[in-house]
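Chemist: Chain residues, written in single-letter form:
2 protein chains.
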Amino acid sequence: MVFKKKKLANGLDLIGEVNKSAKSAAVGFFVRTGSRDETKQINGVSHFLEHMLFKGTENLDAFEVNKAFDGTGAQFNAFTSEENTVYYAAVLPEYVIEVTKLWIELMRPALRDEDFNIEKNVIKEEIAMYKDTPSFDVMDRCRSLHFGGHPCGNSVLGGEKSIEDLTVEQMRNYFVTRYAPDNMIFTCAGNFDWGQICSTLETFCLKWQGQAVARKLEHFEGSKKKERIEKSNLACEHICLISPCVSFRDPRRFAAALLSVIVGDNVGSRFFWELVDKALAEVATMQYSPMDGTGALYSYIRCSGKNVSKVLGIVGDIFRSLSHEGITKDELRKAKNKVLSALVIKNELPMGRLLDLGFNWIYLKQYHTIEDDVKAVKAVTVDGVNSLIEQFNPGDFTQFSIGPACNESGQH
Amino acid sequence: MVFKKKKLANGLDLIGEVNKSAKSAAVGFFVRTGSRDETKQINGVSHFLEHMLFKGTENLDAFEVNKAFDGTGAQFNAFTSEENTVYYAAVLPEYVIEVTKLWIELMRPALRDEDFNIEKNVIKEEIAMYKDTPSFDVMDRCRSLHFGGHPCGNSVLGGEKSIEDLTVEQMRNYFVTRYAPDNMIFTCAGNFDWGQICSTLETFCLKWQGQAVARKLEHFEGSKKKERIEKSNLACEHICLISPCVSFRDPRRFAAALLSVIVGDNVGSRFFWELVDKALAEVATMQYSPMDGTGALYSYIRCSGKNVSKVLGIVGDIFRSLSHEGITKDELRKAKNKVLSALVIKNELPMGRLLDLGFNWIYLKQYHTIEDDVKAVKAVTVDGVNSLIEQFNPGDFTQFSIGPACNESGQH
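Protein sequence lines correspond, in order, to chains A and B.
Read left to right, the first sequence gives residues -6 to 405 (my numbering).
Read left to right, the second sequence gives residues -6 to 405 (my numbering).
A couple of the hints might just be wrong.
[Said to hold, decoys possible] The calculated DSS-like cross-link candidates involving lysine-lysine, where the alpha carbons are at most 25 angstroms apart (straight line), are:
hint: 1; chain 1: B; residue 1: 60; chain 2: A; residue 2: 271
hint: 2; chain 1: B; residue 1: 113; chain 2: A; residue 2: 299
hint: 3; chain 1: B; residue 1: 303; chain 2: A; residue 2: 16
hint: 4; chain 1: A; residue 1: 271; chain 2: B; residue 2: 124
hint: 5; chain 1: A; residue 1: 224; chain 2: B; residue 2: 299
hint: 6; chain 1: B; residue 1: 154; chain 2: A; residue 2: 299
hint: 7; chain 1: B; residue 1: 299; chain 2: A; residue 2: 117
hint: 8; chain 1: B; residue 1: 322; chain 2: A; residue 2: 60
hint: 9; chain 1: B; residue 1: 368; chain 2: A; residue 2: 16
hint: 10; chain 1: A; residue 1: 60; chain 2: B; residue 2: 271
hint: 11; chain 1: A; residue 1: 224; chain 2: B; residue 2: 117
[Unchecked claim] Stretch by stretch, here's where chain B covers chain A in the computed footprint (C-beta under 8 angstroms, at least three residues):
hint: 12; segment: 63 to 71
hint: 13; segment: 109 to 117
[Claimed, not checked] Between beta-carbon pairs, the in silico distance windows are:
hint: 14; chain 1: B; residue 1: 266; chain 2: A; residue 2: 299; range: 44 to 50 angstroms
hint: 15; chain 1: A; residue 1: 32; chain 2: B; residue 2: 266; range: 32 to 38 angstroms
hint: 16; chain 1: A; residue 1: 360; chain 2: B; residue 2: 259; range: 28 to 34 angstroms
Just so you know, these hints were derived from the structure itself, not from any lab.
The beta carbon of each residue, even a glycine, is placed where N, CA and C say it ideally should be.
Start from the sequences and build out the full structure, keeping to the hints where you can.
Modeler: This is the structure:
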């Protein structure tokens, strides 16, 4: 594994990690923009824009874009989060330059009126579909409740109204500011030739104009509000809990990740033993989401309506015990084992490695080898996790629930 | 890559592919049993049994099982389909033997009454949850409509009633027949020591009793029925189409896989250009599902209620054009490119390789290198795909839809 980096004159960062024994390579553009960089008026524009990039450029229409991807046999996709828009592809080594050129071309989209109007319907259908998916809907609503007016509470998909009202000019303006080269990085991992990558990027990207882009970074404590809505036809109660935690730049993020595994890993966690194993909840998990300048612990619990009070009581007990007695040495040892093996296995595939490389650069401007991250996980102590719990009590959460209509005994 | 195999005296097949340059290893038991091996009375028992294996053995309770997995840091899981129950784990090389011993232990579960009764609630909640998920529900109902009385139409999860009525004795009887060593294989892939694997399996599995197990193998043409149900609160129409196709043992399965990519790959397919790109459907995909003695093409389409007639009209046109004019050379070339790169990239990770190794052995009793499968894909011709379409017309399908109540214009 050899790390490579280069900054182009317009601010575009190129980074890569070469692994000549890999059978494939992964490449991607990471754009430092997402729903938190939107105003309420244009909420959803980042995700909509991600769709529009596949509609073509001055030189290619959507049909030709797809034909070009087909020609490389790439496994490609894109995703938009609160903070990032990522475009990636995994290919056989002989197609790395071809697929890189294609992504470069797509990063300067035509944003045609007619494509915009057609794609608006796709976005609206996607919003409608997620409304049919309570496990997604509850997370989205809880995030908005938790962050209140803070832009991190913006929905990634946007709302029906903001999408309906969005104009193509608003999208074009957003694009120019947010897809500036100094707000993007190009990353590659696996079996590729760094010299060829650099000369390809230099040839085609140097004409992109840099411009300083800002993002407000502030910590946010969360609203700690509790809300519930009812939906007929639902069989289960879906519950989301969010509490504030450290940001991506805080070295305690490894402790936070271990804490989420101890509390809410799929198996073997406190949630698992107290709720899932006892058949009180079907799912009960916690995940740590490190962000830019802030962070959060998200819990998702699904259970039958009759178990809601009992489940929430037990969750309260788990959080109380964490803040009074802390975690144990044995819990930490097991969580480290899980996190370490997941880390190594994920990074074995160029596509998995690409994401870790890219995010470490986006958030930290640092290269971490897998061994660096292994060391950081190993170095976390029981005291480290316990003092994190003391500062960020997971029991002090925002809560949103979506469930069936209350039954006669009104036990919710 | 070096292939290894060994058959134990009781019929248990061990197979492995050693790749010393991998950073991890994957191991798994493949049990040749699933919902198609159930009667209506015990429908759901395979999947329920899969859950029960994690509840422990004579020597270990569920808590100890989880602790043992935690000790290896394994990424482990299991899944049950119509035909197979698969238990797998990916670990760092130093934990391969430990996690193998653990799976061996779990393959002879205690099936305790109290665990059975508690887990029954978990299964019931899982069934309830999937009822809240129309994209899943529609596939399940369509499969049952398509296969009618044929056991391949059995739901993997089972029904509320069959699960409610199931007794632990019925499960124990099912276990003894279906988890016999001559109905299972042990597979490993990646960085491991074959000699150690063999001696571990010999030490602990030879006491398992073999017994001849039967499965009825017959082709089935499908009912070709059409049904629709309404659910209030749904925003979209969910449509599943199923048509019969060749089985796993038929060499034309590669042609069938390519056909499904041409018709319904996520991007660049006929469904994509005619339905998704034109914003008429949000999702429109086709997948080929090769089975034991039979096979099927599954399409899933999600669109807004107002587009249903138009979407189904276009789907009809696509299938008619396929059967009149066939596929083109260019379509086949692109589909091969996609399938080949997906094949190589998936098999790069030991976990991905494990599944291909295991299924090739389960269905064919054959070892195929990645290169063998690459060659088979490359060898498919336009005529090969077209004659497959002639024999198995995808336009002659069973259809199930779940959607919102019809609007006033009654346009569904």
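Chemist: Confirm or reject each hint.
Modeler: Tested hints:
1. Annotation: proposed proximity of residue 60(B) to residue 271(A) holds, straight-line Cα distance about 17 angstroms (limit 25 angstroms).
2. Of the supplied pair hints, the one linking residue 113(B) and residue 299(A) holds, its CA atoms being roughly 16 angstroms apart against a limit of 25 angstroms.
3. At most 25 angstroms may separate the alpha-carbon atoms for a hinted pair to count; residue 303(B) and residue 16(A) exceed this at roughly 44 angstroms.
4. Simply put, residue 271(A) and residue 124(B) have alpha-carbon atoms about 22 angstroms apart, close enough for the 25 angstroms limit, and the pair holds.
5. Proposed proximity of residue 224(A) and residue 299(B) is supported: the alpha carbons are some 23 angstroms apart, at most 25 angstroms.
6. Distance hint between residue 154(B) and residue 299(A) is fulfilled; the C-alpha atoms sit about 20 angstroms from each other, no more than 25 angstroms.
7. For the hint linking residue 299(B) to residue 117(A), the alpha-carbon distance of about 14 angstroms falls within 25 angstroms, and the restraint holds.
8. A hinted pair counts as satisfied when its Cα atoms are at most 25 angstroms apart, and residue 322(B) with residue 60(A) qualifies at roughly 14 angstroms.
9. This hinted pair checks out: residue 368(B) and residue 16(A) have alpha carbons roughly 17 angstroms apart, not beyond 25 angstroms.
10. For the hint linking residue 60(A) to residue 271(B), the alpha-carbon distance of about 16 angstroms falls within 25 angstroms, and the restraint holds.
11. Among the hinted pairs, residue 224(A) with residue 117(B) is consistent with the structure: their alpha-carbon atoms are about 20 angstroms apart, no more than 25 angstroms.
12. Here the segment 63 to 71 of chain A counts 6 residues with a CB under 8 angstroms from a CB of chain B, which clears the bar of 3, and the coverage holds.
13. Only when three residues or more bring their CB closer than 8 angstroms to a CB of chain B does the claim for the segment 109 to 117 of chain A stand; here the count is 4, and the claim holds.
14. The beta-carbon spacing between residue 266(B) and residue 299(A), approximately 48 angstroms, falls within the hinted interval of 44 to 50 angstroms.
15. At about 35 angstroms, the beta-carbon gap between residue 32(A) and residue 266(B) stays in the expected band of 32 to 38 angstroms.
16. Separation of residue 360(A) from residue 259(B) is about 33 angstroms and conforms to the stated range, judged on CB atoms against 28 to 34 angstroms.
Consistency note: the structure conflicts with earlier hint 3 alone.
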